[in-house]
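Asker: Chain by chain, the residues run as shown.
Protein chains: 2
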Amino acid sequence: MISIEQALEHVIQYAVPKPAQSVPLEKSLGHVLWEDIFSDLDAPPHDQSLVDGYAVRSTDFCPRAIRAQEGSGNVELEILEEVTAGNIPTCRVESGRTIRVMTGVHVPEGADAVVMLEDVLWQREAGLSLGVARFATREVVAGQNIMPQATSLHRGQRVLPSRKRVRPAEIALLAQVGRTDVRVFGRPQVALLPTGDELVDVGFLPGPGKIRNSNGPMLAACARQFGAEVLDLGIGRDDREPLRAVMAQGLSADVLVISGGVSAGTLDLVPEVLEDLGVRQVFHKVNLKPGKPLWFGVADGVQGDREAGGSTLVFGLPGNPVSSFVCFQLFVSMALRRLGGEDLREPVAPRPSARLARPFEVRGDRVTYAPARLDWTEAGAVLDPVVWHGSGDIRGLVDANALAIFPEGGGHYEPGERILYHPLD
Amino acid sequence: MISIEQALEHVIQYAVPKPAQSVPLEKSLGHVLWEDIFSDLDAPPHDQSLVDGYAVRSTDFCPRAIRAQEGSGNVELEILEEVTAGNIPTCRVESGRTIRVMTGVHVPEGADAVVMLEDVLWQREAGLSLGVARFATREVVAGQNIMPQATSLHRGQRVLPSRKRVRPAEIALLAQVGRTDVRVFGRPQVALLPTGDELVDVGFLPGPGKIRNSNGPMLAACARQFGAEVLDLGIGRDDREPLRAVMAQGLSADVLVISGGVSAGTLDLVPEVLEDLGVRQVFHKVNLKPGKPLWFGVADGVQGDREAGGSTLVFGLPGNPVSSFVCFQLFVSMALRRLGGEDLREPVAPRPSARLARPFEVRGDRVTYAPARLDWTEAGAVLDPVVWHGSGDIRGLVDANALAIFPEGGGHYEPGERILYHPLD
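Those sequence lines, one after another, are chains A and B. Quick note: the first sequence uses this note's numbering, first residue 669, plus one each step. Quick note: the second sequence uses this note's numbering, first residue 669, plus one each step.
Chain A extracted, bound-state conformation (with noise of 0.2 Å):
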């Protein structure tokens, strides 16, 4: 039996990222970024104006400049032009003179501040086409509201690496530097096969000894929810041949996930049946509550048309749900993660932690997930294991959010203690 650890150095070592694609914008969500992305334009493009306003000369609102003019001490500035976006300035902005600018416009030649507009009022006055601007503020520094040209973005600059999944923000600065395509990692997919003689179809009334087979759909949902793409291989029967020949077609897959079958029952069939298909296992049984069967094994080379360099990744996931949930949670979703392109060499970022919120009894030797219910409250994170029932107890899991993590050895916890935890959400 091995540590959680060592059994996820082990998938990260086996799971190589799948070959890059190109795919347009729109569908780049999700995926991890193949190549490093750099812009090919400035931005701003130009010194900007952050906001709707008046661009003006900054010596014009020096105290010298005020009280050389006439009237109520407020400054009153001619207004040559207005830009509106999408337009360029046409004039040069001379002191005693204003331009109207909106936001993201270039500031014209010699401005070197822009006033917002509510600080304006904007006169007409007879001779003058656009009327004069004047000032509620004199309060003008040099710089103000304006962006200056590549604050944000420089041309050539690199400014997504490879490696990043791609996420709205990604999306927008993507096309900020023109990318209507982009070259991404593949999506893995995964071949799903729930075995078990007890297992009927979800239609179906179970009858005396049988249950429903929940584990393939929800196995399918967690496959999605990871960007994988799901090749459901049905119900595997206890039977040597035929669990042969559908694990046969599951291995076309870069991961094959089974349920069922892989703890020291009689009818095990799993790992033997793995084994004449040349999987090769690298462990088997890891120090996990609910989850202690858990059987991988690679596939080098067996697989028909998969493209070159990879190797089928074989997951036999205890068949019960809970079990099977925590397994995906903990290691298929790290495969399909590296699979997908992220960089997983790393050392595993800290986990989070929250206060236990009662006293919580943990049995047995090894390390515990339970399903837990956490909420932020005004004290902070607080993680209240649910009632749950053991590894068959589904009905536990849908009160959770996340998994509180104890350490193995079991014992006696007081509320208040700090609790590391796994989120689901």
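One thing to keep in mind: the hints can contain errors.
Each pair may be met inside one copy or between any two copies, as identical chains are not told apart.
Here are the simulated BS3-like cross-link-like pairs (lysine-lysine), alpha carbons at most 30 Å apart as the crow flies [unchecked claim]: (1) LYS695 <-> LYS832; (2) LYS832 <-> LYS953; (3) LYS960 <-> LYS878; (4) LYS695 <-> LYS878; (5) LYS878 <-> LYS832; (6) LYS953 <-> LYS878; (7) LYS695 <-> LYS953.
Please keep in mind that the hints were generated in silico from the structure rather than gathered at the bench.
Chain A is fixed; fit chain B onto it per the hints.
Answerer: Chain B alone, transformed into the frame defined by chain A:
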């Protein structure tokens, strides 16, 4: 100018959940349940073994019973039969006898405990077809490794409430209770209209005064992240009649999201044209930085073939990409969640918080949402505002995985201060 909380109340008040639709179980991921879900069975359907092992009478392990045995002092029991998954016991366990059972199997009559396989040596013995089980343990208590009938679910029980979002665990439970189809709230449709004469399509190099349309692809990705279907209306130009036509088209969706054209600038036509189209303004301007110019309105009865009951919600987001992004995350997302069926009428849950990583200066009067990097360290969650050059700077946003929330009034914040945040990933 209203507060963020007031704005949210308005948005939630006007967002009416979509009508129910029936979807196959495998398509239900991410939807919100419209119906309560009841169990059609007990789970487990009978007292069930939690392990692969031997079903025994615990009284066979009491000290007197052990003394009565000859030889080593180990309890030895004759094996009556073996029951594999999917099958049911045919014999009763009498004293001195045991039945080998796999995980999930019905506990045979007469037995009241199961001993794990690992604690038992299986010996073949002449004259006995299945041989003898020799127990390495003497500690056997009534009920051990048995899950009593209906511990997890009982027939007729409400196992999932309506308004709950479907995750993989919910799919497992729906499968367990036989739901091949399930009634869920429909997905909202979002029409997207970035506006502005300065916008050019992503595939072009922007000329003087122009920028690429990054808001369109970004907002589409945001909408998809919240489970919406996207109707892309292209780029709206600052020209009243075409703008009116394309906005009218957008009002066929549940939500029309416009970006740009809502500030106080000369060509900010959006509010006027919307009013022409019968869209009633609910609010304009929110005490938020970035995002102050946010416009929100409702079109009652102007939509053509939409299902009865709903109005079209119209968001006019500021044109700057980061402002647009923040307004989507704060307001449009809540509308989509509510349209998708989530119950948001309860007081909003307390926000998470983290320690500030470094000194930070907040300028301006408004509540500020600053892009920040959230990391978990040994000492807990740490929030580090990213280098960010304002609402036009998308580059800053890609380094962030949270928005740090600073209250109105601005000021200086010290490292270690506890800061609320809005998670982004």
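Asker: One pair to classify: LYS960 and LYS878, alpha carbons no more than 30 Å apart. Within, between, both, or neither?
Answerer: Within one copy only: 23 Å inside a chain, 59 Å across chains, cut-off 30 Å.
Asker: Indicate which option fits the pair LYS695, LYS953 if close means a Cα-Cα distance not exceeding 30 Å: within, between, both or neither.
Answerer: neither (39 Å within a copy, 33 Å between copies)
Asker: Evaluate LYS878 and LYS832 at a C-alpha cut-off of 30 Å and name the case that applies: within, between, both or neither.
Answerer: Between copies only: 28 Å across, 45 Å inside.
Asker: Between the shortest in-copy and the shortest cross-copy C-alpha distance, which are at most 30 Å for LYS695 and LYS878: within, between, both, or neither?
Answerer: between (42 Å within a copy, 25 Å between copies)
Asker: Between copies, within a copy, both or neither: which fits LYS832 and LYS953 at Cα up to 30 Å?
Answerer: Answer is neither: 33 Å inside a copy and 35 Å across each miss the 30 Å cutoff.
Asker: With identical chains, the pair LYS953 and LYS878 could be close in the same copy or across copies; at 30 Å between alpha carbons, which is it: within, between, both, or neither?
Answerer: Result: close within a single copy only, 26 Å intra versus 60 Å inter.
Asker: Reference check for the pair LYS695 and LYS832, CA-CA at most 30 Å: within, between, both, or neither?
Answerer: Both, since 15 Å and 28 Å are each at most 30 Å.
In this structure, the hints that do not hold are numbers 2 and 7, in rising order.
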